[in-house]
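Sequences listed follow chains E and Z, in order. Just so you know, we're using our numbering here: the first sequence kicks off at 54 and counts up by one. Just so you know, we're using our numbering here: the second sequence kicks off at 2 and counts up by one.
If you are wondering where the hints come from, they were derived from the structure by calculation, not from laboratory data. Beta carbons are placed, not taken as given, at the ideal position from N, Cα and C, and that holds for glycine. No false leads were slipped in.
DSSO-like cross-link-like pairs, simulated, lysine-lysine; straight-line CA separation at most 27 Å:
no.: 1; chain 1: E; residue 1: K103; chain 2: Z; residue 2: K17
no.: 2; chain 1: Z; residue 1: K18; chain 2: E; residue 2: K103
no.: 3; chain 1: E; residue 1: K240; chain 2: E; residue 2: K252
no.: 4; chain 1: Z; residue 1: K29; chain 2: E; residue 2: K97
no.: 5; chain 1: E; residue 1: K245; chain 2: Z; residue 2: K32
no.: 6; chain 1: Z; residue 1: K36; chain 2: E; residue 2: K240
no.: 7; chain 1: E; residue 1: K219; chain 2: Z; residue 2: K28
no.: 8; chain 1: Z; residue 1: K18; chain 2: E; residue 2: K97
no.: 9; chain 1: Z; residue 1: K18; chain 2: E; residue 2: K67
no.: 10; chain 1: Z; residue 1: K21; chain 2: E; residue 2: K103
no.: 11; chain 1: Z; residue 1: K7; chain 2: E; residue 2: K139
no.: 12; chain 1: E; residue 1: K97; chain 2: Z; residue 2: K24
no.: 13; chain 1: E; residue 1: K67; chain 2: Z; residue 2: K17
no.: 14; chain 1: E; residue 1: K67; chain 2: Z; residue 2: K14
no.: 15; chain 1: E; residue 1: K97; chain 2: Z; residue 2: K28
no.: 16; chain 1: E; residue 1: K245; chain 2: Z; residue 2: K41
no.: 17; chain 1: Z; residue 1: K29; chain 2: E; residue 2: K240
no.: 18; chain 1: Z; residue 1: K25; chain 2: E; residue 2: K97
no.: 19; chain 1: Z; residue 1: K28; chain 2: E; residue 2: K245
no.: 20; chain 1: E; residue 1: K245; chain 2: Z; residue 2: K36
no.: 21; chain 1: Z; residue 1: K24; chain 2: E; residue 2: K219
no.: 22; chain 1: Z; residue 1: K36; chain 2: E; residue 2: K97
no.: 23; chain 1: Z; residue 1: K21; chain 2: E; residue 2: K97
To spell it out: a stretch of chain Z is covered by chain E in this simulated footprint if at least three of its residues, at any positions, have a beta carbon under 8 Å from a beta carbon of chain E; those stretches are:
no.: 24; stretch: 14-24
no.: 25; stretch: 27-33
no.: 26; stretch: 36-49
no.: 27; stretch: 71-77
Here's a subset of chain E near chain Z, in silico, CB distances under 8 Å, partners left out:
no.: 28; residue: G177
no.: 29; residue: P195
no.: 30; residue: I222
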Amino acid sequence: MAKDRRPPKPIISKNVSDASADILLDALDAGFDIEEIAPERGPKVRGERKFNQESLDELVDMSGTGAAIPGQSLTNNPDTPYAWEKPATFSNPREALNEITKLLLEPEAMKNIVRALANGASVGDLASAVLYAKFFEGEINPDVMLLLIEPTMYLMMAIGEEANIKYNIDNDDLDEFDEDDEDVQNKINEFKTVFEQIKNSPSVKNVSMDNNILPQEIMEQVKEKSPQLKSLLDKGAA
Amino acid sequence: MGLFSKIGKALKKVVKKVGKGIKKVVKKVGKVVKKVTKSKLFKAIATIGAIVVTGGAALSAFGATGGAGTFTGWMMSKSAAITGGTLFGQGAQGLAGFGNTVTQLMSKPFEYVGSAIGSGARAVTDFTGITTPAPTTPAPASTTAAKSSFWDTKAGKFVSTVGTQVVGGVATGYATQELLGGDPTGEMAGLAVEGRSPLDPLAVYAPTTTISLNDVYGQLGYGTGDPGFQASAELFRQETLGVA
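If we strip away everything but chain Z, and leave its shape as in the complex, we get (with noise of 0.2 Å):
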């Protein structure tokens, strides 16, 4: 057997068990969550997930406002912690440290270049029929010129135009939020009070205890308290000391 049969036959078998991890989970939430159906609940899941992916890019490109009482909101409340660099608490001295220089600089590129293919992508949904176009200003032009790729192959040729643009970094991002206004997500205050939670050390609401804090980096991780949900992936593109 070849590489590329092996290779693909990998992929069927882990696509085949995501998607019965999901499925699965959608029943499992089920099971306490009475009264609702499932397809709701798995919508639920699938839009929570693509916030968690993303760090809510997903739903800034879908047009999505994440004011304050909305359940973006919410959800990207938990971002807005790290700006302020306490998040990760007396538990983790050294990520604290962290928090306050890089990622005070750099946590929310990523939710900016989001929100700067938003509203030229909610207009694409709109092309359905199905969603109807929201007034917003129009987004300024990419900054990066086109980048084709594997969309063009055969094998995806159903998503052949893939990746003509990429909107390029931080101050397009910015200006975009700018211009397009809106309540800013994962903003807060300096002086605003964070309530108990977010000041816990890390490990307290670690779910499972496969999870080992001192390789968090290393390690595709997904939830609000991830520090990739957290910071982005400015994050990890910190300089590293060399070891001698």
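Same shape as in the complex, but just chain E (with noise of 0.2 Å):
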């Protein structure tokens, strides 16, 4: 049976990061479980990245051969513009986002984020990919490229997350909170360590006093030499 639990609480903020953090809080404040928001679905696939000659040479390729002469934009005829030179299709984020959005969740779209992401490209370089080509094909201008990577880049790692794949967020971090992780795990193992030992360790009351440590004879003179230490009640009797 489902149980009764509060509605959200409605949270608006300036950035996805922020807003997702101020839900999960409010969810596991209003009794949720981590568990019902993000379930364990066994161990993920890593997104590694691999050394590859081929897209090194393609890229040597690329590299080698050379860029626009300064001011050549300006020699092109303004009766034909570029797609980026015209204005945008979306100058609204908002539908920009949509059209976007709409453009991942499709199967195709989806199948080739998930192998990109097994293989190790970054969260942060498929969007940039994805929204700089929209750009350059006059779908939207650099302002809402710009305000679109962070959602961008929640949406492509919400697919990542279902497919079960450890990615790259920027560059190489494939084990970014596992270090974290493991930090907390080492300390509380090692509590539960010492803890142990303690538990386990002879208790001071049985630990018996070893008289041949000293001589006989050292220990009668210091017998006799210490001051006697009496009880308050002995002193009040004398």
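Since each chain comes alone in its own frame, lean on the hints to assemble the complex.
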């Protein structure tokens, strides 16, 4: 039977990260368990980068083709402008975001994204490529492009999570959160070990004193010369 | 430096910043929520982020149901409030009136579209062999023609086949929803009694003062209280009055 939980609080933030964090805290506060929000689905596929000589050669070839001569764009006929020189199709970021979301949630697109993430491409690089290409095609203007980086990254991250892939967010940071988790786990283990040691160690009461450490003569001298300690009751009687 | 170099640099800079922001937020939440590993928190934040961005379409696309008691259903229940036009409360009279008319008719096309793509998209995640195929009715064929695009460019070669289909129209989405069945997310019965919080003025919950309520439609905000999350894109395709 479904639990009766309080409704979510309306949250507005200027960035997705803060909004998500606030909603997560709100959900946990409302009684959700982290497993209900992000259920565990076994070990993830590691999206590790692999060296590919073919790709490197292609990149080298591309970099060797040269760049445009300064001012070359100004020689273009004004009657036939480039796509990105015309007014953008979407100037409203919300509309542009919906368009991009629709494209990314297409089965074929998702398939490609999942494959790319599994091959070690970072979410940031994928989002950049998609948005840059959208700008180049004249669908969005540069401002909208920059505004849409974060939501696009989040969408791709969700696709990666759904496919149970351990992916890079930006460059090579595959084990970013694992290291922290490992630190915490190590500390917990350390504490447990120490606790067990204390628990299992013989108690102080059971430790027998070794009377043979000092020679018997010296012990007697100490007894003689040391002040006699009396209890308060003894002092009173004296 | 040319235009494209500048744009490329800006893009790289923002991506780096966003990446850092994501990690920072996970660490911040990790300080509040103890006993949960950061990788788990990251997963939760990524999932919630996608729901926020797409208005639930992402999860529908993955085949998740927004039934009562589930996290998705809980989160999307905020989206339902707008159907009654009561969400914006007394604090914003103009918006409240608006919510009663246009948004009532067009509040969830994007969710429906998400459901429409859902059955197919789920199959795609199944191709990895990690998720198990869900027994769903196949979605009806897309109504619009293929739309080839930038994905074919060299820069986006890895995602080259994207954009071959655009699921079109509210009608198709609605029909799919009917076919697929499941719990209707974001719908509320006419006599349903709202909790107190959705009736409060919007400003009460805005965590930062940097958001201007007068200009809320012009800004790209995120969250369960954001009008974009509430009403999806259709809210912003309203007819506007010309100013003389």
